[in-house]
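Those protein sequence lines, which keep their order, are chains A and B.
Note that our numbering numbers the first sequence so that position 198 is 198, with each residue one more than the last.
Count along the second sequence starting at 1, add 1000, and that's the number in our numbering.
Honestly, I wouldn't trust all of these hints.
Claimed, not checked - When the alpha-carbon atoms are kept at most 27 Å apart in a straight line, the in silico DSS-like pairs for lysine-lysine are as follows:
hint: 1; chain 1: A; residue 1: 242; chain 2: B; residue 2: 1054
hint: 2; chain 1: B; residue 1: 1384; chain 2: B; residue 2: 1305
hint: 3; chain 1: B; residue 1: 1054; chain 2: A; residue 2: 249
hint: 4; chain 1: A; residue 1: 242; chain 2: B; residue 2: 1587
hint: 5; chain 1: B; residue 1: 1642; chain 2: A; residue 2: 307
Since the hints were derived computationally from the structure, they do not count as laboratory data.
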Amino acid sequence: MFQSSRLKSVVLSIISLVLLMGIGCTRLAPKSTGLRNIHNTYRNEFDQYLRLGIPAAADSREETIKRINSASIDLTRQAAFSETLREIRYYRVMHGESTREAAHLTVLEGMIYLQTGQFSLASLLVPEIKKAEALLSENSGSMARDRLFAATFEALINGWGAISRSERRISNLLSRSAATPIATVPLYLQLANASTTIGKELETLRSNKKVIYQPEVDDGAIYLATTAAIFYLHVGEVMLFKYPDESMKQQRQEEIACWCEKGRLLMAPFLSDSEKRIAEGVDSVSAPPGRLRYLGWYKYLTGCAGKSPVTTCQAVLPSNSQ
Amino acid sequence: MTPQLTASMVITGISLLVKNIDRVDKILATREAGESLPFALPHAPIEFQIEYHKPMIEFFRSDEGKLILEVYDIADKFRFFEDNYRTTPFDEQILDIRGGLVALYFESTGIRPKTHGPDVSSEQRQDSRRIGRDRRLADYIVESARVSRNPVVVSMLLLMSDTLLEFAGQNASIFISHPRKRAVIETLLNEFALKGDWEDQGFVSIFRRMLGSTLIAFGDNPGQLEHPGGLKVLFAALNQLRESTGEEEKDLVSVIISADGFEKLMVAVATEAANNPSFLTRDQQAQDMLTLLLKRVAAEIPELKNDRKALTGLVQVSIGAATSTAAALLDSRAEGQQPLITDILVGVLRKVSDLGQSDQLVSQIISGDIIGPICQVALLAVSKDPRRFTASQQVADFTSGLVTGIAGIVGSQNLRSIWSDEVRRTLLTETLSVLGRYPGLLGSRHEFTLRLISSLYQAGAGAIADGLERRDLVELVEAVLQASSSNVALLKLDHRFTAAVESAGRAIAAVPLSSLIDKEGRKRLIKSSLQAIIANPVVWGKLQDNEMIEPLIKAMLAALTADRSGFISGSVFVDSAARMMQVMSRKGLLLFRNEVEITSLGSFLEMVVLKLEAETGLGVDGESLPHLLERATIAILDQPKKFQDDPQSFLVKMIPQIITDVSNIWLKV
Chain A
1 MFQSSRLKSV VLSIISLVLL MGIGCTRLAP KSTGLRNIHN TYRNEFDQYL
51 RLGIPAAADS REETIKRINS ASIDLTRQAA FSETLREIRY YRVMHGESTR
101 EAAHLTVLEG MIYLQTGQFS LASLLVPEIK KAEALLSENS GSMARDRLFA
151 ATFEALINGW GAISRSERRI SNLLSRSAAT PIATVPLYLQ LANASTTIGK
201 ELETLRSNKK VIYQPEVDDG AIYLATTAAI FYLHVGEVML FKYPDESMKQ
251 QRQEEIACWC EKGRLLMAPF LSDSEKRIAE GVDSVSAPPG RLRYLGWYKY
301 LTGCAGKSPV TTCQAVLPSN SQ
Chain B
1001 MTPQLTASMV ITGISLLVKN IDRVDKILAT REAGESLPFA LPHAPIEFQI
1051 EYHKPMIEFF RSDEGKLILE VYDIADKFRF FEDNYRTTPF DEQILDIRGG
1101 LVALYFESTG IRPKTHGPDV SSEQRQDSRR IGRDRRLADY IVESARVSRN
1151 PVVVSMLLLM SDTLLEFAGQ NASIFISHPR KRAVIETLLN EFALKGDWED
1201 QGFVSIFRRM LGSTLIAFGD NPGQLEHPGG LKVLFAALNQ LRESTGEEEK
1251 DLVSVIISAD GFEKLMVAVA TEAANNPSFL TRDQQAQDML TLLLKRVAAE
1301 IPELKNDRKA LTGLVQVSIG AATSTAAALL DSRAEGQQPL ITDILVGVLR
1351 KVSDLGQSDQ LVSQIISGDI IGPICQVALL AVSKDPRRFT ASQQVADFTS
1401 GLVTGIAGIV GSQNLRSIWS DEVRRTLLTE TLSVLGRYPG LLGSRHEFTL
1451 RLISSLYQAG AGAIADGLER RDLVELVEAV LQASSSNVAL LKLDHRFTAA
1501 VESAGRAIAA VPLSSLIDKE GRKRLIKSSL QAIIANPVVW GKLQDNEMIE
1551 PLIKAMLAAL TADRSGFISG SVFVDSAARM MQVMSRKGLL LFRNEVEITS
1601 LGSFLEMVVL KLEAETGLGV DGESLPHLLE RATIAILDQP KKFQDDPQSF
1651 LVKMIPQIIT DVSNIWLKV
């Protein structure tokens, strides 16, 4: 294939280059360096977002009440990740928009909008996300994280958006702001539909063997499954309103158990057997930190679903509530 | 140690770098796009427990609650809620109002609501603020698989560099500069890498493992790479298997290359080919055979995937067969188009699997690295005359019988009760190794040979309690096989030989000898009995037909124990027994012609022993005693009637005579 000296030289040059890349060489490798800088900026800004205790990122009980009626949070959200977004735009100018890396950045941009509650911007990005999905496809057909996010992006907008709109409606009510028009589709139904869509997409991909990477390699699927499970919980909480009296405790328990089970079933295929054992407390071996939150959710949903869960619960239309 | 760089290499490297920088930057950028990044999950809903509902309604009916409603200007909305929440619980207005009321209720009463989801304690949250950024972010990381659309060459070069660095470290460039090591890497590239799909993560993982194994296997052993033909066969066959459409076949490749012994397999394969120049002309056949074999294993015996050592043993044996005198098996066919060698090996494995499922004790022994030697024996057995296999059923019957026979070697209840599975595994491995040195006994005689070994171990089992060890048994096998391989009469004895061996073993075990002879002596005694049988199979065959061997040997040994002084012990005992048995080999038929009863023989020998005991020091010593007993045995065989008519007179005449005869022989010497 190669002459021996040529092979040797090429390998040496690659080895040298790998070392050079490690210390950063903007002139030699502008694309990879630029991308690495964007990722560093994103991580820093994500960390700041966390430390401000802003909603989605914080996941704290204490902050939950604040988010209901804090208008200032909106402003902070919009300012978040501003540097990352600026660098993404610069990268596009310098290196074009029709590459895999650019596609990855489009997906990252979309996820930033979702996390910061900027759903209008996220919706505007949908056509670009679709193009990105095509660019991110691999010859083997396997779906890595970014492509999975792109494939379910609209469902994610609907789900995150429904949660956010619900909170905004309450906030408007309490702040005497103008009432938000009633949605064509009730928000809880949008959440249910989003979950179902994500679940179906994941199941379709998973049943086509090896399309979704193994759990040890890629977290895209488990992240989406957990997101959809959380959406189901929102729906479940609303469905509990069917049972407003204390005498209906048993029905309430069964209702929420059902929604927990639906969520658990979404997550189960994307956790390895050993992870499930860790989540159930059977094994005490630790998991990587990033996986722990999924294990935590899986454990919670398993406990919530109880011993004999069913999955026949449905999101009822408002007109069927009587 | 740093790689040796010359100026020309550096310049070449730099020019290549500059020429390829765009491509490399693109590759690295694509890699960076697959880096792990943090993403938040949507927040979970508050858990509004039913216990709060009634108190909340009552709160907003109270003066304090009403005031709050007025402040927020939602008093009318509360009334609307009260009137309608039961009938239209999912109306958006109702949901909005409920949400507002819940928020106000919790804020007013100071109740901390619970949120659905796993607990994150305030202590943990405090801790997260004290640790560094990366640790904080670690909880939010969403990993991504690396996606790559690199040109094949570049992907390959990157991966090879990575792997070379990982496994060979600073010696990476030195490794590939060695001509033989470079040749094996090129073989791997040609047979595997260049034909692979570098977009397929599975393929990349497999190639990385194979390259790494190659580096480990031959990093310090370039001498074994004199001829990489064997490795070519291995790599090419694995690649063909990997390209199959079946999932079982692809999985088999992963299992083989991830086995602990894969590096050893590579070295063994390389060595086999190097030792057999004729392999040069047969490597394509060997490759086709190996591919076919592994495909059949994947399809017909999928459970073998769980036994990696068995798989690597199988691969090694099959490639070895192609390089050796068993190469004729590549050409032979039973039925159909498949080489006989694959039918044989698949047959063996299938029988091993079936036996293992029905007998757990067998499965614990006949598994793992014993499978290779069993396959080797099977091929040796067939290679002598492969043309006799013309039908599939013949092959099936043969392999079934062979495996059953091999399992039977260490399967007896005696051995099971004495030795652990691990010891019996080792015994079987060593036995198979010995067996492999006598291919002549494996052809059409393999059933006889396996039964013989089994009988030998049965016979020896009784002596294990006296200290006979595993290696002693193996030595006995070697001795018997060596004798058998050149003794046609012995082979004609067939099942009677094995029965004779068992009878001798039972007889030796039945007589209490532990105070007279040690373990070594015991072994020599068993060996002597076998040598006696081997010396004249015709006699012993007839003795066996008449079920006389066991009582005969018992009688002889029992007579020796009649000595009260302890003089007949140790080597004297063994030599005496050996000589008496040799007499039986020479004159045993006289037992029939002269109608010598064994009980008489036993009594006679006992009396002789007592008489000789009295003569110790008067012409009888340890050296002469065995000879004297030999002559005494001859005497009773020649003239049994004289003894029966008048035992005392017979003895009185015979004893001095034989003492004189033996003394005279030594004087002459």
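The hints, checked one at a time:
1. At roughly 15 Å between alpha-carbon atoms, residue 242 of chain A and residue 1054 of chain B fall within 27 Å of each other, so this suggested pair holds.
2. Our distance criterion of 27 Å between C-alpha atoms is broken by residue 1384 of chain B and residue 1305 of chain B, whose separation comes to about 31 Å.
3. Taking the CA atoms of residue 1054 of chain B and residue 249 of chain A, the gap is about 13 Å. The hint holds against a cut of 27 Å.
4. As the CA atoms of residue 242 of chain A and residue 1587 of chain B are separated by approximately 107 Å, the hinted pair breaks the 27 Å bound.
5. About 94 Å separates the Cα atoms of residue 1642 of chain B and residue 307 of chain A, which puts this hinted pair outside 27 Å; it is violated.
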